[in-house]
Each structure stands twice: as structure tokens, then as C-alpha cells.
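Let chain A serve as the given structure and place chain B on it in line with the hints.
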Amino acid sequence: MLHIVACIKQVPDTKIIKMNPKTNTMDRRTAPAILNPYDTHAVEEAVRLRDRYGGSVSVLSMGPPPAVQAIKKCIEIGADEGYLITDRRFAGADTLATSYALKKALDKISKINPVDLIICGKMSIDGDTGQVGPGIARRLDIPPLTSVEKIVEVNQEEGFVIIHRKIEDGYEIVKSTLPCLFSVEKTINEVPYSPFPNMLKAAKYQPHIWSVDDLEDVDVTQLGLKGSPTIVSKVWAPPKPEGGTLIEGEPSKQVEQLISVLFEKKELFSVREGL
Amino acid sequence: MDFQDYKGVWVFIEEKDGVIPSVSLELLGAGRKLANKRGVELAGILIGENIKHLAKTVFEYGADITYVYDQPIFKHYRTESFMKALLECANKYKPEIILFGATSTGKDLASAVATDLPTGLTADTTELDVEEDTGLLLASRPAFGGNIMATILCKKYRPQMATVRAKVMKALTPEPGKTGKIVEEMCFLKEEDIRTKVLEIVQETTKKIRIDEADIIVAGGKGLGNSDGFQLIHQLAETLGGAVGASRDVVEAGWVEHPHQVGQTGVTVTPKIYFAIGISGAIQHLVGMKNSSLIIAINKDSEAPIFDACHYGIVGDAFEIVPLLIEQFNQVIKREELGYVREV
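Which chain is which? The protein sequence lines are A and B, in order.
With our numbering as the guide, the letters of the first sequence map in order to residues 468 to 742.
With our numbering as the guide, the letters of the second sequence map in order to residues 158 to 501.
Okay, chain A solo, but in the shape it has when bound (with noise of 0.2 Å):
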């Protein structure tokens, strides 16, 4: 049986977040949280395929405390099980370090039930960078597949998928083997409500809550803002620039403005054919 792991994350949903001024990472507390609007489409993915195949889903996500709410979340969209690794140790930690902390979940969710399958949404809207998925491949030694827009097949039996990845101008078709790791786009599918009966189950649903001591073969210098390469040096604002002449009057004056302002770049239009 197909058993795909969807990696969300719980992330902050303002424009108001506020700055930890000694760690220069965010503060959390500062604004509410959501899932992932991404990782909505990754799970929704790791759904169709199980309905799709058989199988099961389990959703994995490293964070605070509440991000258990985001793992009901999942559960609301139909995923089966859900796991959370939290811990202070794991605070503060950038792509590599949080690419550790989920590999090595993933090698403990596998001792439950192998791992098939994992899907990561293109990137989170907090971090924008895209590369935790990628880097929980390498670290599990599977092929990353990024950039997935449709998956064509996937066959548990002999061991290979087909999907469809996004280039600049178009698609690639690409076969791998299985298990391997997909960062999917958000165009893959659209997330419809949540049936009723998912929305009972993820009232009542309490995901499995592991920490650092849960998991096997952990070395913590490994995790967290420790464990991290790159560090936030300085946050700042950056420098208004120049504001413009603002054009004044009569609509009808402004834009006769407007033109004569377009027309000292009068090449730009003339090139036109069929005026």
C-alpha cells in the first residue's frame, strides 16, 4: 500500500510580523497562523493519489506547539495521520538544519510505515526559499523532483513514477524511481472544501507529538539556529526611493499630460504595425 508523506509548515499570515531584535528571526506571537497556502496543495495531492492508488497519508511538520492546528488542517483536507516534532532545540533553524530535523522524522515515521512517496509544497510564504524539499531528498538519498505541475502515475509495484515537471517554456516529462520527493506547483489541483465528516475527524484528531529525544541518531549540534549555516545578519527597510512628479487638474488635462510624458519615448511606439 502507497504511503505518502505530505512535509507542511505552520506559517505566520500578516504583513505585520514582528522581529525578535536579539535573534533577528521572526517573532511568531506577533501574528496569527496558517497552513501553508503551498503546502494546501501538497497534501491535497498526497490525498487524489491515495484515493487514487490506496494507500494512507501522514502529514509531518516541525514547529511550536500550535502547529498542531495546521496538521488539523491537513486532516480536514483528508490526510490520515499527522506528526509534529517540536522542541526548542529545533528553533531558529534555516533550510539545512531544517531538512535534518525532518529526515530524520521521516526515518522514524518509515519504521512505522515505509515511506513511499513525499510531497512538499513549492515553498512557504514566510521563508520563500523552496529548498527544504530538495534538501530532505538528498538527505534521504531519493530523487528531489521539483517544480512537479501534474503527476501522470505512480507505480508502487514496479517501482517508478511519471510526472511533469516545469521548465521556462513549457514541461518536461520525467520517470523516476520510487520512493523520490516532489515539490509540487500550486497550479497541480485546487483544494475543494472540506467534507463535513474530515472536519469531525480533525476536531477530534490529536496528532503524534515527537521531540528531540523521540527521534533516533540525532546530533543536536545539528539542529536548530546551532545547526544553521546562514545566519540573519541585519533586517532593514529598505530606502524609499524617489518620489515622482505627481501630474494635477482636469482627468482630461492629466492624461494630455500623460501623453506628451509617453511620447518622449516615441520610438517605443512607432514600431508598431497597423496604425
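Source of the hints: derived by calculation from the structure; they are not laboratory data.
These numbers come from a predicted model, not from an experiment.
Any given hint might turn out to be false.
Pairwise CB distance ranges (calculated) [stated by the list, open to error]: (1) A:E734 / B:K335: 24 to 34 Å; (2) A:E734 / B:F160: 11 to 21 Å; (3) B:H233 / A:E731: 43 to 53 Å; (4) A:M666 / B:L244: 40 to 50 Å.
C-beta atoms are modelled at their ideal positions from N, C-alpha and C, and glycine is treated no differently.
Just chain B now, with coordinates in the frame of chain A:
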């Protein structure tokens, strides 16, 4: 790890159908500056099949050295094969800094390489600098949803790595005939060692909108109210012979497809004329268009931050201004065509 062993700035050079895309040339320009400041050599790394001749271009755009992996196994980009070549090369020659374009290929490759080295990787950089004496790379990018800028450092690991946004750095003017040192390398890889196969590449030329190549962009935001209101943007773009752009909100609301999105999570554009209509001007949008040569903002809200970022601004109702603009523009074009003296 002895930092003394790590020297030089590298740029991963992408290749498509025998051509180097502009993002790689821009990175050579940015890399040249870092290398000069540090007093070290700039190298390009080229991986592919039948690509050795491209080294000439790499030199002309600023590199001193080009590392070349020219083997049939590299015909298509695949994470595993390219990663092996780059890891081998980096472990052998130990660069201090490696830059990649923040493209689908560059991001995919950099993420894998950074994990295996291991080292730190900064994503989607928009500003680069280096400390002259320590070689510390200062990689800055909009962060936390694009509301603030952050400078990211990697103090304890080498090489330092970053992916860099397209159209943000400037390519050098090529020096015809400039040459350098070619270092040919071989990667002992068998096809059966690679777990992925590219079965087919499907080009979607008609569907794909390249707003990053347009001279004129007419972009609309949430101020247009709804997808019907957004039609105004299409009309003006058509009149001016420009492309349609959009803010993140508009794309998320589904009024227009993602390839039209300008900004940190969309496309970076540098057209000759950029119209921002009904766009408030969040930082994540501004980083995607601020290098346009002429920015014109039309917005009802006189307090909108876009007015601090534009060259000319009109505070007014787009539904009144834009139709007038279309009408007057067409009249002026007609007069010009007939050889009349311009009256406006």
C-alpha cells in the same frame, strides 16, 4: 575547515538550446565585481552536451576561468547528474562563493548541492556584496513575505552559496575576443547511476507569456475592483502594444494567470515604461519592477506607497483616466501618422 583553501568566485552557467540565458550573464557581471573587490579570479562552470564552445561567451562576459563538463550524460538537466559534477568540481577547486540564477534549474541544483556539501544557501538574492578582507558574502533579499530586507551571512562554512534573481544584476558589456583558461573535467557517471530520465520536453510557446521581455508593461492591481474591471488593463496594453502585468493579490484572486505576476514571487521586469494601475505598491511588488526606466502610477488613494516609487503619478479613478488615455493616445498616433505637428 580551513578558509584559506577556498578562493575565487564561481557562477553556474545555464544553457538552453546552445544559448546562455541572460541571467547567467548578469551573474558573471555581479560575480566580476565581487572577485575584483576580493582580488580573486572569476570562474564560470558549464555543464552540458556540446557546450564547450560557449566558454568563449563566458570569457567575454567577464570570467577568467571556465570549468567545462561536456558529456552526453548532461544532455538534459537532471538534479542528480549535474549535482555530482558540481560537487566534484567544488570539492576539487574549492571556490569561496558560488552563485546560481534563481531559476527553476538554478534553485533545484543549488538546494541539492548545498545539502551535500554541506553549506549555507541564500535564496532569491537581490543585492550582493563581499567583505574585502574576510571574503564574507553579504547576500540580501526581501524577506518575510517581502515586507522587509534581510542580509544573510554564512560565517562558518565554505563555499558560500546564493541564488540570485534574474534581471536584478547587470551584465558587463562583452569584450569580443577576450579569452581565459579552460579547464576540462570529466565526471565518471553511468546512465544507470541516475535515477531520473527526461522522457520528453514539451514546448508551450503560445501559452507562455514573457512579460520579462516586454518594452511596455501595463500592470493592474486590486484597485480595479474585480476581473471585469481588470479588462481595462488588457485594453490599455493592447492600445500601447504592451504586455499585461499584475500584482500578487490579483493573481491570487484569479483575475489573471501567474505568468503575469510581477514581484518577488512572480517575475522581475525592467521595461522602458511600466504602468501601475490600481496597485498600492507593497515592497514585494516594488522589487519586481523598480528598475523600469519610466514608472507611471494611477491610483485613487493619494497615500498609496506606489506614488513614492513612480516617476509620474496621477491620483484619480482608473475607470475615468484609462479610457481617456486610450482615446487620446489613438488620436495622437493618428495625427503623427498623417504628419501633423504634435499639439500636445
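Results of checking the hints against the structure:
no. : hint                        : in the structure
1   : A:E734 / B:K335: 24 to 34 Å : holds (32 Å)
2   : A:E734 / B:F160: 11 to 21 Å : violated (51 Å)
3   : B:H233 / A:E731: 43 to 53 Å : holds (46 Å)
4   : A:M666 / B:L244: 40 to 50 Å : holds (47 Å)
Violated hints amount to a single one, hint 2; each of the other numbered hints is respected by the structure.
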